[in-house]
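Chemist: Line by line, the protein sequences are chains P and Y. Read in numbering that gives the first Met the number 0, the first sequence has 22 at position 23, and its numbers run on one by one without any break. Read in numbering that gives the first Met the number 0, the second sequence has 127 at position 128, and its numbers run on one by one without any break.
Bear in mind the hints are in silico, worked out from the structure with no lab data behind them. Note that this is a predicted model, so its numbers are computed, not measured. Accuracy of the hints is not assured; some may be wrong.
Intra- or inter-copy, both count: the list cannot distinguish identical chains.
[As the list claims (entries may be wrong)] In silico DSSO-like links for lysine-lysine, alpha-carbon gap of 27 angstroms or less:
id, residue 1, residue 2
1, Lys16, Lys96
2, Lys189, Lys16
3, Lys96, Lys23
4, Lys189, Lys51
5, Lys181, Lys45
6, Lys51, Lys96
7, Lys194, Lys181
8, Lys194, Lys45
9, Lys23, Lys194
10, Lys23, Lys189
11, Lys51, Lys194
12, Lys16, Lys45
13, Lys45, Lys189
14, Lys181, Lys51
15, Lys16, Lys181
16, Lys194, Lys16
17, Lys23, Lys45
2 protein chains.
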Amino acid sequence: MNHYPSTVLNLIRQIAKLPGIGEKTAERLAMHILRSPRSEAEALAKSIAQVKDRTRLCSRCFCLSDDEVCAICNHPGRNRRLLCVVEQPADMVAIEKAGAFNGVYHVLQGVLSPMDGVGPDQIRFRELVQRMVDGGIEEVVIATGTGVEGEATAAYIAEQLSGRPVRVTRIASGVPIGGDLKFVDQITLKRAMEKRHAV
Amino acid sequence: MNHYPSTVLNLIRQIAKLPGIGEKTAERLAMHILRSPRSEAEALAKSIAQVKDRTRLCSRCFCLSDDEVCAICNHPGRNRRLLCVVEQPADMVAIEKAGAFNGVYHVLQGVLSPMDGVGPDQIRFRELVQRMVDGGIEEVVIATGTGVEGEATAAYIAEQLSGRPVRVTRIASGVPIGGDLKFVDQITLKRAMEKRHAV
């Protein structure tokens with residue numbers, strides 16, 4: 000590594016800090032950047048700087064936004080009585096891509112994790128409660144992850160909202176579509192069996 | 000993808016242009032950059048910009064350098080009579096890491112590839128010949144790759160230098176060390192057999 004000049008070494012080290020990027024890949028990407036046209040490298044550097052400068056959280060749902068209020072919250076065609084709670088902006092994007100939801104979102108920006116010192120005050124839970132207080136919401140679909148922390152967060156939210164005049168639901172979990180049963184993990188299969196429904 | 004705000008979308012697109020980085024990975028890296036401290040994102044952006052501004056090719060060997068002449072060409076302990084010819088700066092770094100070479104280098108910055116319109120004038124071949132003319136070099140070790148183009152380039156260089164008072168050698172090719180013979184490809188095994196030597 001120290002056979003590269005300092006600027007190149009610095010670039011390799013910065014790239015290697017990214018998650019899932021090892022030293023070899025960082026070296027390969029740095030070499031690509033060195034060989035690529037100046038305009039392309041500048042566009043990449045600028046996009047990284049800009050994303051930190053210009054991207055903020057929507058003041059209503061806390062998803063990523065260029066503006067004070069995001070495009071979904073502002074969209075006249077969305078059903079504002081239906082609210083989907085997710086952990087991260089990427090989860091919201093995944094649901095949008097699936098195209099099966101026409102309500103609005105609430106991005107917690109995290110998940111309850113007492114071991115890591117993350118309680119309700121460290122995520123956007125108060126803001127969720129405030130939206131309930133503000134009213135107008137008929138159903139809250141909790142779409143946090145189906146791991147231990149996502150489930151615990153879902154249970155906590157369901158419990159906290161139980162006294163309010165709002166229907167609280169959870170996205171279904173079970174066998175993924177298109178999957179072969181023998182490749183599905185045991186916990187998922189167990190859940191799918193427990194949640195079986197009449198056809 | 001178009002569910003992200005434009006700045007985030009722009010970052011994902013810029014990252015996805017890097018080789019070996021698909022859309023999913025680009026999305027994941029962009030989310031990491033968004034979540035990481037501002038100082039870290041700025042350091043990454045700066046290192047990309049700087050590498051284009053400050054890195055140049057060593058005027059003597061054409062490897063990557065911060066200065067007019069690189070650290071290896073300037074090092075008093077290197078054997079200037081021994082010259083190793085490689086395709087790319089990364090090849091030089093690989094040989095340096097192996098620690099088995101104490102001479103100096105000549106980086107061709109490419110490989111002969113008539114199909115892609117790359118002839119001797121498109122790589123640093125003239126500069127190699129000029130170094131022969133300047134004199135003081137006793138041996139040229141050709142360490143271009145062992146693929147078709149690397150071999151053709153090696154053969155071309157060997158032929159062009161044949162009239163000069165310099166010993167021209169080629170790095171050995173054969174079975175990699177630590178490899179199981181049954182996992183070695185046929186061409187390598189054939190070469191290893193042809194180049195067998197007395198023990």
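Chemist: Hint by hint, say whether it matches the structure.
Modeler: Hints, one by one, checked against the model:
no., hint, result
1, Lys16 x Lys96, "between (29 angstroms within a copy, 22 angstroms between copies)"
2, Lys189 x Lys16, "neither (38 angstroms within a copy, 42 angstroms between copies)"
3, Lys96 x Lys23, "between (33 angstroms within a copy, 13 angstroms between copies)"
4, Lys189 x Lys51, "neither (43 angstroms within a copy, 55 angstroms between copies)"
5, Lys181 x Lys45, "neither (47 angstroms within a copy, 49 angstroms between copies)"
6, Lys51 x Lys96, "within (24 angstroms within a copy, 37 angstroms between copies)"
7, Lys194 x Lys181, "within (18 angstroms within a copy, 50 angstroms between copies)"
8, Lys194 x Lys45, "neither (49 angstroms within a copy, 52 angstroms between copies)"
9, Lys23 x Lys194, "neither (46 angstroms within a copy, 31 angstroms between copies)"
10, Lys23 x Lys189, "neither (41 angstroms within a copy, 29 angstroms between copies)"
11, Lys51 x Lys194, "neither (43 angstroms within a copy, 57 angstroms between copies)"
12, Lys16 x Lys45, "both (19 angstroms within a copy, 14 angstroms between copies)"
13, Lys45 x Lys189, "neither (48 angstroms within a copy, 50 angstroms between copies)"
14, Lys181 x Lys51, "neither (44 angstroms within a copy, 51 angstroms between copies)"
15, Lys16 x Lys181, "neither (37 angstroms within a copy, 37 angstroms between copies)"
16, Lys194 x Lys16, "neither (42 angstroms within a copy, 43 angstroms between copies)"
17, Lys23 x Lys45, "both (24 angstroms within a copy, 21 angstroms between copies)"
The structure is inconsistent with the numbered hints 2, 4, 5, 8, 9, 10, 11, 13, 14, 15, 16, although it conforms to all the rest.
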